[in-house]
Amino acid sequence: MQVSFTAAELLAIAQPKQTRGGTSETVRGLAALGTAGPGELTFLGNAKYRSEVAATRASVVLLPLDYDGQPQPNQLFLLVDNPSVALARFCSRLEQLLWPKPAPGIHPSASVALGATIALSATVGPLCVVEEGAVVGDRSHLQAQVFVGRGATIGQDCWLMPGVILAADCSLRNRVRLQPGVIVGSDGFGYEFVKGRHEKVPQVGSVLIEDDVEIGANSTLDRARFSRTVIGEGTKIDNLVQVAHNVVIGKHVILCAQVGISGSTTIGDYAVLGGQAGIGGHITIGAKAKIGGQAGVSFDVEPGAYLNGTPAMPYMLGQRLEVLHRKLPELFKRVDGLEKLLAQR
Amino acid sequence: MQVSFTAAELLAIAQPKQTRGGTSETVRGLAALGTAGPGELTFLGNAKYRSEVAATRASVVLLPLDYDGQPQPNQLFLLVDNPSVALARFCSRLEQLLWPKPAPGIHPSASVALGATIALSATVGPLCVVEEGAVVGDRSHLQAQVFVGRGATIGQDCWLMPGVILAADCSLRNRVRLQPGVIVGSDGFGYEFVKGRHEKVPQVGSVLIEDDVEIGANSTLDRARFSRTVIGEGTKIDNLVQVAHNVVIGKHVILCAQVGISGSTTIGDYAVLGGQAGIGGHITIGAKAKIGGQAGVSFDVEPGAYLNGTPAMPYMLGQRLEVLHRKLPELFKRVDGLEKLLAQR
Amino acid sequence: MQVSFTAAELLAIAQPKQTRGGTSETVRGLAALGTAGPGELTFLGNAKYRSEVAATRASVVLLPLDYDGQPQPNQLFLLVDNPSVALARFCSRLEQLLWPKPAPGIHPSASVALGATIALSATVGPLCVVEEGAVVGDRSHLQAQVFVGRGATIGQDCWLMPGVILAADCSLRNRVRLQPGVIVGSDGFGYEFVKGRHEKVPQVGSVLIEDDVEIGANSTLDRARFSRTVIGEGTKIDNLVQVAHNVVIGKHVILCAQVGISGSTTIGDYAVLGGQAGIGGHITIGAKAKIGGQAGVSFDVEPGAYLNGTPAMPYMLGQRLEVLHRKLPELFKRVDGLEKLLAQR
Numbered sequence: 000m001q002v003s004f005t006a007a008e009l010l011a012i013a014q015p016k017q018t019r020g021g022t023s024e025t026v027r028g029l030a031a032l033g034t035a036g037p038g039e040l041t042f043l044g045n046a047k048y049r050s051e052v053a054a055t056r057a058s059v060v061l062l063p064l065d066y067d068g069q070p071q072p073n074q075l076f077l078l079v080d081n082p083s084v085a086l087a088r089f090c091s092r093l094e095q096l097l098w099p100k101p102a103p104g105i106h107p108s109a110s111v112a113l114g115a116t117i118a119l120s121a122t123v124g125p126l127c128v129v130e131e132g133a134v135v136g137d138r139s140h141l142q143a144q145v146f147v148g149r150g151a152t153i154g155q156d157c158w159l160m161p162g163v164i165l166a167a168d169c170s171l172r173n174r175v176r177l178q179p180g181v182i183v184g185s186d187g188f189g190y191e192f193v194k195g196r197h198e199k200v201p202q203v204g205s206v207l208i209e210d211d212v213e214i215g216a217n218s219t220l221d222r223a224r225f226s227r228t229v230i231g232e233g234t235k236i237d238n239l240v241q242v243a244h245n246v247v248i249g250k251h252v253i254l255c256a257q258v259g260i261s262g263s264t265t266i267g268d269y270a271v272l273g274g275q276a277g278i279g280g281h282i283t284i285g286a287k288a289k290i291g292g293q294a295g296v297s298f299d300v301e302p303g304a305y306l307n308g309t310p311a312m313p314y315m316l317g318q319r320l321e322v323l324h325r326k327l328p329e330l331f332k333r334v335d336g337l338e339k340l341l342a343q344r
Numbered sequence: 000m001q002v003s004f005t006a007a008e009l010l011a012i013a014q015p016k017q018t019r020g021g022t023s024e025t026v027r028g029l030a031a032l033g034t035a036g037p038g039e040l041t042f043l044g045n046a047k048y049r050s051e052v053a054a055t056r057a058s059v060v061l062l063p064l065d066y067d068g069q070p071q072p073n074q075l076f077l078l079v080d081n082p083s084v085a086l087a088r089f090c091s092r093l094e095q096l097l098w099p100k101p102a103p104g105i106h107p108s109a110s111v112a113l114g115a116t117i118a119l120s121a122t123v124g125p126l127c128v129v130e131e132g133a134v135v136g137d138r139s140h141l142q143a144q145v146f147v148g149r150g151a152t153i154g155q156d157c158w159l160m161p162g163v164i165l166a167a168d169c170s171l172r173n174r175v176r177l178q179p180g181v182i183v184g185s186d187g188f189g190y191e192f193v194k195g196r197h198e199k200v201p202q203v204g205s206v207l208i209e210d211d212v213e214i215g216a217n218s219t220l221d222r223a224r225f226s227r228t229v230i231g232e233g234t235k236i237d238n239l240v241q242v243a244h245n246v247v248i249g250k251h252v253i254l255c256a257q258v259g260i261s262g263s264t265t266i267g268d269y270a271v272l273g274g275q276a277g278i279g280g281h282i283t284i285g286a287k288a289k290i291g292g293q294a295g296v297s298f299d300v301e302p303g304a305y306l307n308g309t310p311a312m313p314y315m316l317g318q319r320l321e322v323l324h325r326k327l328p329e330l331f332k333r334v335d336g337l338e339k340l341l342a343q344r
Numbered sequence: 000m001q002v003s004f005t006a007a008e009l010l011a012i013a014q015p016k017q018t019r020g021g022t023s024e025t026v027r028g029l030a031a032l033g034t035a036g037p038g039e040l041t042f043l044g045n046a047k048y049r050s051e052v053a054a055t056r057a058s059v060v061l062l063p064l065d066y067d068g069q070p071q072p073n074q075l076f077l078l079v080d081n082p083s084v085a086l087a088r089f090c091s092r093l094e095q096l097l098w099p100k101p102a103p104g105i106h107p108s109a110s111v112a113l114g115a116t117i118a119l120s121a122t123v124g125p126l127c128v129v130e131e132g133a134v135v136g137d138r139s140h141l142q143a144q145v146f147v148g149r150g151a152t153i154g155q156d157c158w159l160m161p162g163v164i165l166a167a168d169c170s171l172r173n174r175v176r177l178q179p180g181v182i183v184g185s186d187g188f189g190y191e192f193v194k195g196r197h198e199k200v201p202q203v204g205s206v207l208i209e210d211d212v213e214i215g216a217n218s219t220l221d222r223a224r225f226s227r228t229v230i231g232e233g234t235k236i237d238n239l240v241q242v243a244h245n246v247v248i249g250k251h252v253i254l255c256a257q258v259g260i261s262g263s264t265t266i267g268d269y270a271v272l273g274g275q276a277g278i279g280g281h282i283t284i285g286a287k288a289k290i291g292g293q294a295g296v297s298f299d300v301e302p303g304a305y306l307n308g309t310p311a312m313p314y315m316l317g318q319r320l321e322v323l324h325r326k327l328p329e330l331f332k333r334v335d336g337l338e339k340l341l342a343q344r
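Protein chains in written order, with numbering that gives the first Met the number 0: chain A, 0 to 344; chain B, 0 to 344; chain C, 0 to 344.
A hint or two may mislead.
You can't tell identical chains apart in this list, so a pair holds if it fits in one copy or across any two.
Keeping only pairs whose Cα atoms sit at most 30 angstroms apart, straight-line, the calculated DSBU-like set for lysine-lysine is [stated by the list, open to error]:
{"hint": "1", "residue 1": "K332", "residue 2": "K287"}
{"hint": "2", "residue 1": "K100", "residue 2": "K289"}
{"hint": "3", "residue 1": "K47", "residue 2": "K332"}
{"hint": "4", "residue 1": "K199", "residue 2": "K287"}
{"hint": "5", "residue 1": "K289", "residue 2": "K16"}
{"hint": "6", "residue 1": "K100", "residue 2": "K250"}
If you're looking for bench data, these hints aren't it; they were derived computationally from the structure.
All chains should be built: construct the whole structure from the sequences, respecting the hints.
What follows is the structure in structure tokens.
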């Protein structure tokens, strides 16, 4: 990293409620408490590392307001409401410095149809393809080798990283960030079985992705059979996730890596699905439900429920059954014992 | 959707056995029974929605022959053998209108080797790469940013969507449809452990994909170590599926999303594998077998068997064991009771 | 395959300890014992196929030193320490002949920033993008449609297959092979929950991939929040694998297809993770540990342990519990019987 922040700049970024000590160092990087050295910033994001603060050699430390220790010489403590959030703001500044947005314009190697509409403030990077009738909004950035199909629309301040494919007639609202290799608008998996063959049901719907959604690398979101597959505002999707046709995902949902959601299922706002969980088709997962990693769910789930396992069951029940499952050898012995005892009498 | 169908055009597409009522509306779209309005077509695809037909505001309704209700004013009922199949035909027409095939020819931005053979009726879209010795057959369509490796062959009427990679020496027969990001012909995962290191076994075989196969977005199919990995005629593969080297998949098989099949395994005709199922290496899954979602199978499976769970077991046995598993707390209590009773006597 | 090897060439490749018989055929291909014919080479890689050697029609057979049978007329036996390793050497030669490395240089259709450094002996294929400050080392090969982000570095003799994305500031050491569609350096999945929304924590770290690593098609490796995600020397990763931010994978590790590893987890040297296994975050998997396919691990694992199942448990315990689990119907009957018996007394 070729960056540098003065103490004054850091104050402006972190906006601490209080400071302790001071440093003459400029900050050129970021590291964990245990590994940071002079010229680096660190933070206490998790109370369990509290004891490491006293020994850190970082020049600047982001700390919670209730931290009562004192800095070492030439060390600056910044006391903030939430060190992790302050760190996120610092990282955001770092990100801008490391990878500044390119100038607006269309790279000469891009293939943009005459009938596409590209905002003057948008950037279409090298070797992108934008088909007829597509719209790219203000300040949106197609980084490189991105495909935007006919009639697809992209709102403002979106970032489509290399290799993203946004197929025909699909839409992104604003501030959507698609990591590399994301595919939006592949065909849903729909066939009719006729005379010994699976005949394709063409998928003529689309995908709508609302504001502030982020989608992880190589995830796939299928277009609806007709109507729309929807990803609600503020939802965050990790890598290699599968969202089938006609799925409707609410707002501020979290889908961890490798989750799979089958067709026509609805996921409520603020639900959280752990990695590799699999959700059946045509069901409803209630708002704020939590589904554990690798769980398999094939029935409706109440709002706020916490399920685990395959087939999924309430978390506490699953834990209890797991304990008993591991006592099966003992149970078989106990029943053996009872049978012997009775045989003797 | 900017499309429009007259009643006469719909009759030609749906070929109904019988009609009831009539409408002066032209059909401009497609919606579910409950949400369709005037100017839209709908259908009864599943008997459980039968009661919704009477209230639908759609102008045209595809219905099964045994539906005995009457249409509302300005509403047309089309009675057909199978409304879902008639709908599929309608969607197929819609698809052609929405996304017509581009004109034949090679886009000037594509990079096509001199030694490649491209049919005059084929389309090679923008920023595609076609290497030496590759063959693209009649009316096949490489949409955009597709890669076709040296010596790869593509039959007639295939459609390779954006970002598809067909590696060297792999073959598609006819009417193969590869969704965006599909990779055909990545190396199989083969190593020999020699002196503390995994030494690569170069994978010099290929992949053959037979007629009418469709493969979902970002799925990966490895080339054989030598000889061929084969996907049989009419098989349909969903998104993010992994097919390892030397796998042989039969005809008309269904692989749902995120399935993984390990090396040298054979899958029989008409088998159906649920989402996220994992199949071990060097085994045989019999024809028409059904493997449940998330199941894990590491042994041969009889034709027609229906397995579930990890490790997989017959579906009915799994259901029964699951019921008993949930009764473990009760069983432990019963054994406690028996022990107490015997201790008292 | 358009290749041909004389017996003398095969001797040079296989370096046998002993030969038996001889053949006038040139070898033009490779096949399994049961299917090979004249003009083909075959091998005995697994003792269970020993009985097939006598009947094989292959012209040349790679055999272990202790094989005592005699060749047929016009058939050459090559006796070697390890037939599979000899075969790998043969396949390596085949691979070079089938798909020779292209000449060095930058394809005119590639988009290479002025500030990128490309070794004279490197190859940058058609429609690749190389951003500012990136470095491509000696003899490395970007095949086609590859993306190399700003400041990314590639060592010597690497091979990035079509569609690979190496994002900004990530590094490959030497002899790294990335299969098609691999994504290195997508953002880690990190958010802070603030006022009802998931606020992004920008991910400003990178990914380091050490010598001789190979990564399978469409796998995704996230950059660190800060510092680095690391893949150790000689590690081999199969297709569709997810490696989250700040994961540190040791040397010579095997990750089978569709494995998922959550953030900040460490995997020890020589560990082997079966297909679709899921590993939780912030844990340590010890060196040489084996994790079964589809297993779910959310706790630290001792070096050398062999775990299976979800939640994971020692392999032998899991096998035993599975046997008892299937005896639950019998156990319930036995307890029924005991209760009846006691009621009668």
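Comparing the hints with the structure gives:
1. In this assembly of identical chains, the alpha carbons of K332 and K287 never lie at most 30 angstroms apart, being 43 angstroms within a copy and 34 angstroms across copies at closest.
2. In this homomeric assembly, K100 and K289 never come within 30 angstroms of each other (Cα to Cα): the closest approach is 37 angstroms inside a single copy and 44 angstroms across copies.
3. Proximity of K47 to K332 under the C-alpha cut-off of 30 angstroms is found in neither arrangement, the shortest distances being 43 angstroms within a copy and 40 angstroms between copies.
4. Within a single copy, K199 and K287 get their C-alpha atoms only as close as 36 angstroms, which misses the 30 angstroms cut-off; across copies the closest is 20 angstroms, which meets it.
5. Taking the closest pair of Cα atoms, K289 and K16 never come within 30 angstroms of each other, the shortest separation being 35 angstroms inside a single copy and 49 angstroms across copies.
6. In this homomeric assembly, K100 and K250 come within 30 angstroms of each other (Cα to Cα) only inside a single copy, at 28 angstroms, whereas the closest approach across copies is 36 angstroms.
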